[in-house]
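As given, the protein sequences belong to chains P and S, one line each in that order. Counting from 1, position 23 in the first sequence corresponds to residue 23 in our numbering; the numbering is continuous, with no gaps. Counting from 1, position 156 in the second sequence corresponds to residue 156 in our numbering; the numbering is continuous, with no gaps.
For the record, the hints were derived by calculation from the structure and aren't laboratory data. Being a predicted model, the structure only gives us computed values, none of them experimental. Backbone N, C-alpha and C define an ideal beta-carbon position, used for all residues, glycine too. Just so you know, not all the hints are guaranteed correct.
[Claimed, not checked] Label-pair ranges, simulated between beta-carbon atoms:
(1) His120/P x Ala61/S: 41 to 49 Å
(2) Asp311/P x Leu84/S: 34 to 42 Å
(3) Asn154/S x Thr261/P: 43 to 51 Å
(4) Val312/P x Ala228/S: 36 to 44 Å
[What the hints assert, rightly or not] Heads up, incomplete: computed chain P residues facing chain S, CB under 8 Å, no partners named:
(5) Phe51
(6) Ala56
(7) Gln58
(8) Ser62
(9) Lys72
(10) Leu124
(11) Ala127
(12) Ser131
(13) Leu132
(14) Ala204
(15) Pro206
(16) Asp207
(17) Gly211
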Amino acid sequence: MSVPAREGTRDAYGRALARLGADPRVVVLDADLFRSTRTHLFAERFPERFFEMGIAEQDMVSTAAGLAAAGKIAFANSFAVFITGRAFDQVRQQIALPAANVRLCGSSAGLTEGADGATHQSVLDVALMRSLPNMAVVVPCDGPETEHAVEASLAWDGPIYLRLSRYETPAWTGTPLLPRASAPAGGYAGNTLPRVKKPAGGAAIPDFAIGKARILRSGTDVTLAATGVIMGEVLAAADFLAARGISAEVLDIHTVKPLDTDSILASASKTGRVLTIEEHSIYGGLGSAVCEAIAEGAKSHIPVRRLGVRDVFGESGEADQLLELHGLTSPHIARAAEELARRRC
Amino acid sequence: MLPEDQLAALQRRAKQIRLSLIRMMGAGKAHHFGGSLSAVEILVALYFYKMHYEHGDPGHADRDRVLLSKGHGVPTQYACLAMLGVIGQDELPTLKTLGSRLQGHPDVRKTPGLEAPTGSLGQGLSFANGLALAARLDGMAHRVYVLLGDGELNEGQVWEAAMTSAHYRLDSLTAIIDRNDLQAQGATEDRKRLEPLAAKWAAFGWHVLEVDGHDLRALCDALDQATATRGRPTAIIARTVKGKGVSFLEGRFQYHNASLTADQIARALAELESV
Chain P
1 MSVPAREGTR
11 DAYGRALARL
21 GADPRVVVLD
31 ADLFRSTRTH
41 LFAERFPERF
51 FEMGIAEQDM
61 VSTAAGLAAA
71 GKIAFANSFA
81 VFITGRAFDQ
91 VRQQIALPAA
101 NVRLCGSSAG
111 LTEGADGATH
121 QSVLDVALMR
131 SLPNMAVVVP
141 CDGPETEHAV
151 EASLAWDGPI
161 YLRLSRYETP
171 AWTGTPLLPR
181 ASAPAGGYAG
191 NTLPRVKKPA
201 GGAAIPDFAI
211 GKARILRSGT
221 DVTLAATGVI
231 MGEVLAAADF
241 LAARGISAEV
251 LDIHTVKPLD
261 TDSILASASK
271 TGRVLTIEEH
281 SIYGGLGSAV
291 CEAIAEGAKS
301 HIPVRRLGVR
311 DVFGESGEAD
321 QLLELHGLTS
331 PHIARAAEEL
341 ARRRC
Chain S
1 MLPEDQLAAL
11 QRRAKQIRLS
21 LIRMMGAGKA
31 HHFGGSLSAV
41 EILVALYFYK
51 MHYEHGDPGH
61 ADRDRVLLSK
71 GHGVPTQYAC
81 LAMLGVIGQD
91 ELPTLKTLGS
101 RLQGHPDVRK
111 TPGLEAPTGS
121 LGQGLSFANG
131 LALAARLDGM
141 AHRVYVLLGD
151 GELNEGQVWE
161 AAMTSAHYRL
171 DSLTAIIDRN
181 DLQAQGATED
191 RKRLEPLAAK
201 WAAFGWHVLE
211 VDGHDLRALC
221 DALDQATATR
231 GRPTAIIART
241 VKGKGVSFLE
251 GRFQYHNASL
261 TADQIARALA
271 ELESV
């Protein structure tokens, strides 16, 4: 079993789909990107249930809706920027409105898409998908979490937007569960993934469940609420802070919708300060969702700061350069958290 | 060839559907009169001649599917579903009112017998492809019918979907184009030219038939030809008249979505009764 030290969430997704796709309800559609989205692993194993739709995201999304109406669980794949933006109206009318069992899998999301520049960097997708009734929004932070998200999606009733990344990251939430090279043989029944109970910072990471935030690190002075593959920067920031005597709680909000308001309010009440971190616009994504939860949870005295893309488009560059440019690397996160933590409330 | 008595029965149904439409939509409120009336024979031929519909059971797995990509024509589908007993005749007048199951555009969560959420145009053919692909995967024999408006063919997604249907050789799929020559703001050929329309569909790899869309015998024959076609989908270009059956609505784009007075409703009903 070859376990990669680092991998993109798209890699874990492709692997999980090829394995869990043994479930005959699963069909997969792609828009001429299947090597990039990693659905080629499914296509090689289950060619009869893989549909190449060409470079036609709108057609793909509506076709997925038709397949779902006939009882399939349809995984529609493209880059995040296209599947949420270009096909938004199809998603709105034919996926969200009827609460179709379609999984919109947006690959190469966020600033960490990198070199392709502003046209391809998806930093509005969470806001778009979060605005839709019935739509769940899931943003895994690493490979193991992605695999669990794919598994959990098979039991979820209704549409899901799964935000995936090409950015290679260690496995923060446990060991990758499936071998990288090829999916093993075996029927669906035997394919349930083992639970992860890996200690991190002394505490066990809770099981993955859609809609349930995970505390990756417990703390008392400030809450770092983050989503997606930027988690490595957040955990590194927590280390910086610890060295400076500040105890940060790291909350992995892999499900931006439905939001785990209880966990956010509990953590915010405990630490008294919340910093949100996402590689997405500060408008409409995790930062907005957390502000809404805290304001409506009668915790509006608790200060919140949002780190993210500040209402601008991106540009070409290496992923790490772009994170630095937008103030999303661990020193920036630590500095913002420290300011919050030292603020008198 | 459709026997005379069966043809006459279908023609009676078409007349009843038109009366039902005018009563359902009524006076004083904007409705899609033109495109609902142009599609009457097409849906009558499907529901009451061609489709296997298992005595009006809209949930039967083997039923043939029909969906309206031109979702604004759904009042005609409501009238057919009421005639089949899938929904109540008495609920037709609740069309588009608060709390009604009969929404202004097809809402699959609310109305039994509808197959697809449509209304935002251009999306129905893709959805129908999805239904046909699923049927093939599941080894099921039912057919899928999708009704498209001609104005709707301005939408690029229709042509994306047309490529998909042909690429996957979806011969269980039939697209029927309600070619009434008018769209919301005028003539299709003035807004953005569609012709040569049959050649376009043929070039996309479809089997193409052109019929008088108010001639039930021709429609039924075309639908039978589509069933007999192997290896490619069939497009039936049904030449129709927008507002068909009511003289002052016929051929006028102004009644694409408009309200009629009580007097106009009375005249329309009288005209339709007299046929």
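Broken hints, by number | Hints 2, 4, 10, 11, 12, 13, 14, 15, 16, 17 are the ones this structure does not satisfy, whereas the remaining hints hold.
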